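Number of protein chains: 2
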Amino acid sequence: MKQMIIASTSTLHGSGYLNYLLEELMFFYKDTDSILFIPYARPGGISHDEYTEKAQEAFSEIEKKVKGIHEFDNPKEALKNAKGIFVGGGNTFVLVNQLYKNDLISTMQEVIHSGTPYLGTSAGSNICGLTINTTNDMPIVYPPSFKTLGIVPFNINPHYLDPDPSSKHMGETRETRIQEFHAFNSQPVVGLREGSWLEVNGDQVFLEGELNARIFEYNKAPYEVETGTNLSGLK
Amino acid sequence: MKQMIIASTSTLHGSGYLNYLLEELMFFYKDTDSILFIPYARPGGISHDEYTEKAQEAFSEIEKKVKGIHEFDNPKEALKNAKGIFVGGGNTFVLVNQLYKNDLISTMQEVIHSGTPYLGTSAGSNICGLTINTTNDMPIVYPPSFKTLGIVPFNINPHYLDPDPSSKHMGETRETRIQEFHAFNSQPVVGLREGSWLEVNGDQVFLEGELNARIFEYNKAPYEVETGTNLSGLK
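Sequences listed follow chains G and X, in order.
Under the working numbering, the residues of the first sequence are numbered 1 to 235, in order.
Under the working numbering, the residues of the second sequence are numbered 236 to 470, in order.
Chain G on its own, in the form it takes in the complex (with noise of 0.2 angstroms):
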């Protein structure tokens, strides 16, 4: 049975990594005290090890192991034996072109499927939809596709954010952005605001987290959603 926690972003403002979810994460991982992190998003381009190293650090304090997947010599056993899985933000497109050089994407569904828990943060929550059509990051490197691993059958979008009416600036809207997807794909795309994050229970999804989301379905005008909303609907 899945088990997911599909989290908009790691750190809120003002709070250290992964901080506002680690109560969370203590009940999530309670059965393994060893987590296989994939750090390929590279954040701000740091390396695999500082990344690992930073995932460390967090999970220390709920006393658990992390050991990234760049450190085993076979990442697909790595992934079928591993009892916890998290996957970090930092860069979409360099998260995904790194998945599929290794040719994990079909291992990450299985082990997703039969019930490894799973976190993901930002870039590694934009992964969990179908596509990465709607990431906010920046094309820094071309990936073989923009298909996911579609273990929810909406897109994400994480960091979302809401227009500024004071802004003067001439950029899309992020709800701009998301419409004009919807002219060209048809899925649904949950926005998710920074502290709110999806929990999957097999077929269920939950809104968790203090805040509402914003759900964007085809050819419908987008509305709000509740925290503790159940999406299994959405599709």
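Misleading hints may appear alongside valid ones.
Unchecked claim - Keeping only pairs whose Cα atoms sit at most 35 angstroms apart, straight-line, the calculated DSBU-like set for lysine-lysine is: (1) G:67 x X:455; (2) X:470 x G:168; (3) X:382 x G:76; (4) G:54 x X:318; (5) G:101 x X:455; (6) X:470 x G:147; (7) G:168 x X:403.
Unchecked claim - Footprint (simulated), chain G over chain X, 3 or more residues, beta carbon under 8 angstroms: (8) 343-355; (9) 367-373.
Said to hold, decoys possible - To give an idea of the interface, some chain X residues facing chain G are shown, with a C-beta separation under 10 angstroms as derived from the structure: (10) 245; (11) 246; (12) 279; (13) 283; (14) 325; (15) 378; (16) 393; (17) 396; (18) 414; (19) 419; (20) 420; (21) 465; (22) 467; (23) 468.
For the record, the hints were derived by calculation from the structure and aren't laboratory data.
Here the structure is a predicted model, which is why all the values come from computation and not from measurement.
Each residue gets a CB set at the ideal place from its N, CA and C atoms; glycine is no exception.
We have chain G; now place chain X onto it with these hints.
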């Protein structure tokens, strides 16, 4: 001899479409009263016809007739016969995808090199650089390549935005994104603020408009250049 205006944006806050550039464009397009418009970037998902009408409205003020490239049976011939070209903004991925679909990349390079005046705004400026790896747009479609015209030997970042020190949002700043780009790529990036443009005359590239631009070179601290700066040495 190449003649180009590569503009950060089509529109300044509180002003009409292309308004701030019209005086410049009167001179730039002085040898023709007919402009070939490429509406492929479809801002907000609007149709090619709607977008062409919008361009026509602005160009009417300087007595130019606008025709959309989609109105021609043979878009390659339309490009070759054009006396002036304008590629409007919108979504860079949608624009690039359509250029590849219609096999127009090399024809555009030819006509620009042969001297047809070319105006690009936003997405239409992005494609003048080496790749679209530094676009701000959402990747709502998957183009066959991120490589673009390479008329200037660097990348463009239009709508360049300085970090907002009061922001509590944890998404990456523009500067962080471009630095991540340089973890994987080595060409320079010109961050063009709204209201700035590059003027290309043959091999000369000058920064125009009222504002500074921000230059990002591989393995160097980012720096500011003043309007009027000759950027021909940047590669």
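Original post:
Holds or violated: residue 54 of chain G with residue 318 of chain X, Cα cutoff 35 angstroms?
Top reply: violated, 56 angstroms
Original post:
Is the hint on residue 325 of chain X kept, meaning its closest Cβ partner in chain G is under 10 angstroms away?
Top reply: The hint holds - residue 325 of chain X has a Cβ within 10 angstroms of chain G, the shortest such distance being about 8 angstroms.
Original post:
Taking the closest Cβ pair, is residue 468 of chain X under 10 angstroms from chain G?
Top reply: violated, 24 angstroms
Subject >> Evaluation of the interface hint that places residue 467 of chain X against chain G, nearest CB under 10 angstroms >> reply: This hint is violated: residue 467 of chain X lies away from chain G, its Cβ roughly 26 angstroms from the closest one there, beyond 10 angstroms.
Subject >> Given hint residue 414 of chain X near chain G, where the shortest CB pair must fall under 10 angstroms >> reply: Holds: closest Cβ of chain G sits about 7 angstroms from residue 414 of chain X, inside 10 angstroms.
**OP:** Take the C-alpha atoms of residue 168 of chain G and residue 403 of chain X, compute the straight-line distance between them, and say whether it is at most 35 angstroms.
**Re:** With Cα atoms ~18 angstroms apart, residue 168 of chain G and residue 403 of chain X stay inside 35 angstroms; holds.
**OP:** Below or equal to 35 angstroms on CA atoms is what counts here, so check residue 470 of chain X against residue 168 of chain G.
**Re:** Measuring from Cα to Cα gives roughly 32 angstroms; hence the hint holds.
Original post:
Within a Cα-Cα threshold of 35 angstroms, do residue 101 of chain G and residue 455 of chain X meet the stated pairing?
Top reply: holds, 30 angstroms
Subject >> residue 470 of chain X paired with residue 147 of chain G [C-alpha distance capped at 35 angstroms] >> reply: Holds. Residue 470 of chain X to residue 147 of chain G sits at ~34 angstroms (cutoff 35 angstroms).
Original post:
Taking the closest Cβ pair, is residue 245 of chain X under 10 angstroms from chain G?
Top reply: holds, 8 angstroms
Original post:
Against chain G, with CB atoms and a cut of 10 angstroms, does the hint on residue 396 of chain X hold up?
Top reply: holds, 6 angstroms
Original post:
Is the Cα-Cα distance between residue 67 of chain G and residue 455 of chain X 35 angstroms or less?
Top reply: holds, 33 angstroms
Consistency note: the structure conflicts with the earlier hints numbered 4, 8, 13, 21, 22 and 23.
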